[in-house]
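With the hints as extra help, turn the sequences into a complete structure.
Just so you know, the protein sequences line up as chains A and B, in that order. Just so you know, we're using my numbering here: the first sequence kicks off at 1 and counts up by one. Just so you know, we're using my numbering here: the second sequence kicks off at 1 and counts up by one.
I should point out that these hints are in silico values taken from the structure, not numbers from a laboratory. These numbers come from a predicted model, not from an experiment. For every residue, glycine included, the Cβ atom is placed at its ideal position computed from N, Cα and C. Some hints here could point you the wrong way.
[Said to hold, decoys possible] Calculated Cβ distances over 10 Å to all of chain B for the following chain A residues: (1) Asp-44; (2) Gly-45; (3) Trp-194; (4) Gly-198; (5) Leu-210; (6) Gly-224; (7) Gly-267; (8) Arg-322.
[As the list claims (entries may be wrong)] In silico contact screen, one side only, chain A against chain B (beta carbon under 7 Å); selected entries: (9) Leu-18; (10) Ala-22; (11) Leu-26; (12) Val-27; (13) Gly-29; (14) Leu-154; (15) Gly-157; (16) Met-161; (17) Ala-164; (18) Leu-174; (19) Ile-303; (20) Pro-304; (21) Val-307; (22) Leu-317.
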Amino acid sequence: MTSTTSPARAVAAVTLLLAVAAAHLLVSGQPLGAITGLLDGAADGQAEKIVWELGVPRLLTALLTGAALGVAGYVLQATLRNSLAAPEFSGVNPGAVLGILGGLTLGLFPADSAAGALLAALAGGALGGGLTWLLSAGRDPAGLVVHGLLGSALLAGLTTMLLAYQPSRFGNALRWLIGSVEGRVWEHLAFASWWIAGGIAVAWACSGMLAVLSPSDDHAASLGLHPGLGRAIALTLAIALTAGAASLAGAIAFVGLAAPHVARRLGGRVRTVAVVGAIALAGADSLAQLAGQLLDGTHRLGIPTGVITALAGAAVLIRLGRSQ
Amino acid sequence: MSAALGGRPAITAGRPLAPWAAGLCLTVVALAGLCLGTPFVAPQDLLGMSPESIAHLVVWELRVPRVLIGLAGGAAIGTAGLLLQESLRNPLAVPEMLGVSTGAALAVSVCVIWTLPVPPSLYPLAGLLGAALGGLVTIAATRSGRSAGGVLLIGAAVSTGIQALLLAVMATADRLQYDMLFRYLVGSLSGLMWEQASETLPWFAVALPLVVLCVPALGLLRLGDDAAASLGSRVNLARLGVLGVSTLLIGAVTGPCGPIAWVGFLAPVLARRLRPDAGARGWLPWSAALGALVTLTADLAARLAFDPVETPLGAWTAPAGVLAGAALLRRRAAS
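Right under this line is the structure:
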């Protein structure tokens with residue numbers, strides 16, 4: 001494994017991130033002048049305000065959500081020793097979405113409360129993960145994915161029931177079901193961005209522990225790490241990150257599955273997977289914006305980002321499934 | 001009503017009571033579907049209502065077609081599930097998880113939402129096309145992976161991809177109708193009237209003789225590819241035929257009801273459980289009857305649980321189906 005701290009890689013990562021960010025802002029349909037005009041530090045003029053109030057938060061949401069999902073997937077795959085473990089296949093992601101919608105339905109928190117949504121997503125994510133764990137209790141980790149699929153289908157059924165119960169309450173049911181980073185503004189990001197950044201920092205600090213845990217329990221124990229404790233910490237971290245992502249963007253599929261594979265192929269760990277996830281989701285959202293414009297902008301919603309990630313992820317998953 | 005379900009098992013040696021019990025359950029559930037709700041109509045009043053009353057209108061214009069479509073659709077989806085599971089010899093072959101139901105839902109919703117010039121009576125054909133395409137993608141993708149879990153995984157990937165397209169199509173609608181969204185995501189019987197019933201029921205009449213034709217092929221496919229081929233039969237042709245009939249059934253159901261989630265999996269599993277040694281021929285009528293029973297029961301729950309709000313039927317069948325799937329996996333792992 002090559003060192004992840006080599007300057008060339010860091011430069012490449014930063015360049016790629018900047019390129020994706022620039023592309024993401026450029027395809028939003030605002031004139032180039034409005035984007036470069038922001039560089040002077042003040043948003044003057046309407047176009048610049050639009051970019052600052054809508055375009056930039058959307059970009060940040062995509063980057064943060066992608067990074068969070070990527071790291072969560074990486075942590076899950078390392079801890080459960082299963083290359084198909086991912087937030088969406090362990091019930092955590094659908095559970096988090098169900099938690100948010102359930103909280104909204106029961107009136108536990110106001111619709112604009114970021115912290116409330118996050119807490120509800122945490123509770124739901126833990127519930128979903130716990131459900132999958134219950135379904136697959138006593139099974140080998142390889143069977144976990146099939147059980148995770150079943151658990152996710154169960155949670156999706158419950159989510160549909162909730163949505164059908166009071167559709168008008170959720171503003172836009174689709175955005176939660178498929179996942180979308182559209183329409184997020186600075187207020188949404190204020191809390192979740194710290195949460196996700198903190199979670200990724202903890203994951204980075206734990207990357208040594210993950211490396212010890214991933215070969216086998218005996219390996220971890222012989223190196224002085226209590227495997228149960230380590231796994232509990234790692235799973236909590238994964239749930240926290242997934243919940244943060246879900247509270248921002250709903251059920252974005254497959255980034256958490258595919259990003260760790262790419263990162264491992266690049267020989268990287270937590271930081272690489274965060275960058276890969278961020279680039280993947282920002283790129284997918286750029287494509288979604290572009291496709292939305294090609295289909296002429298009259299539609300209410302455009303193309304949700306989750307559609308692009310689901311389609312790309314399905315292709316990845318088929319390749320993985322065939323190599324099983 | 002339940003007598004319309006012509007699926008009495010031919011071979012029920014040993015337990016002659018069971019068909020009667022199933023028929024009784026179906027009758028009770030169908031009657032409950034006709035009577036319960038607002039306004040409540042007592043069973044003995046069903047035939048004696050004055051034609052001008054609101055109750056008469058509600059029962060004959062709303063509830064009767066709904067129960068009829070539920071019966072036929074549930075039976076069809078149960079049968080289709082059994083045909084899929086038998087022909088692919090995979091007990092985890094769930095129509096939703098093979099891209100078949102989702103493909104049909106995508107095709108029909110495209111016709112509805114983009115208002116393509118397709119007459120509603122041909123929606124089953126569009127559904128058939130979509131179901132066949134979805135199934136073909138899955139089969140093409142699973143060429144090498146043959147374990148039950150692997151097929152499920154790849155099918156889930158295809159289904160998720162197709163469902164993403166479905167949601168994208170929904171997102172392009174000028175005014176999103178939640179009713180439609182939930183119908184094509186998980187299945188729902190809400191808002192079905194005689195118009196839809198008259199467009200759909202003939203397709204089931206067409207499919208019924210085809211299903212009967214499938215019965216000999218099922219016994220053949222059970223033998224396994226090698227044994228069947230050594231007997232000189234064209235295995236692939238038989239399998240293709242059975243798969244074709246099941247996609248026809250699924251396509252016909254998806255038009256009015258959406259993919260009735262997981263019933264295509266649940267009904268055959270229950271049928272096998274009830275009649276462990278009946279063989280495919282014996283399971284077929286049972287799958288149909290149980291599919292209708294599960295669908296009607298779930299529809300009752302969907303209609304009445306959060307009255308006056310209607311929830312989609314599929315949201316109730318999915319948890320039931322998933323739990324059955326988990327139990328099945330557990331048993332297989334234990335054995």
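Outcome of the hint check:
1. Asp-44: Asp-44 (chain A) clear of chain B: closest Cβ-Cβ about 34 Å, beyond 10 Å.
2. Gly-45: holds, 31 Å
3. Trp-194: holds, 31 Å
4. Gly-198: holds, 30 Å
5. Leu-210: Holds, since 24 Å exceeds 10 Å.
6. Gly-224: holds, 34 Å
7. Gly-267: Fine: 26 Å to the nearest Cβ keeps Gly-267 (chain A) off the interface.
8. Arg-322: The assertion about Arg-322 (chain A) is violated, with a minimum of 5 Å to chain B.
9. Leu-18: violated, 29 Å
10. Ala-22: Check failed: Cβ of Ala-22 (chain A) comes no nearer than 26 Å to chain B, outside 7 Å.
11. Leu-26: violated, 23 Å
12. Val-27: violated, 17 Å
13. Gly-29: violated, 18 Å
14. Leu-154: Hint holds; Leu-154 (chain A) Cβ to chain B Cβ min 4 Å, cut 7 Å.
15. Gly-157: holds, 3 Å
16. Met-161: With Cβ-Cβ at 4 Å, under 7 Å, it holds.
17. Ala-164: With a closest approach of 5 Å, the Ala-164 (chain A) hint holds.
18. Leu-174: holds, 6 Å
19. Ile-303: Given a least distance of 6 Å, the restraint on Ile-303 (chain A) holds.
20. Pro-304: holds, 6 Å
21. Val-307: Holds - the Cβ of Val-307 (chain A) comes within 7 Å of chain B, reaching about 4 Å at its closest.
22. Leu-317: holds, 4 Å
In the structure shown, a violation is registered for the earlier hints numbered 8, 9, 10, 11, 12, 13, in ascending order.
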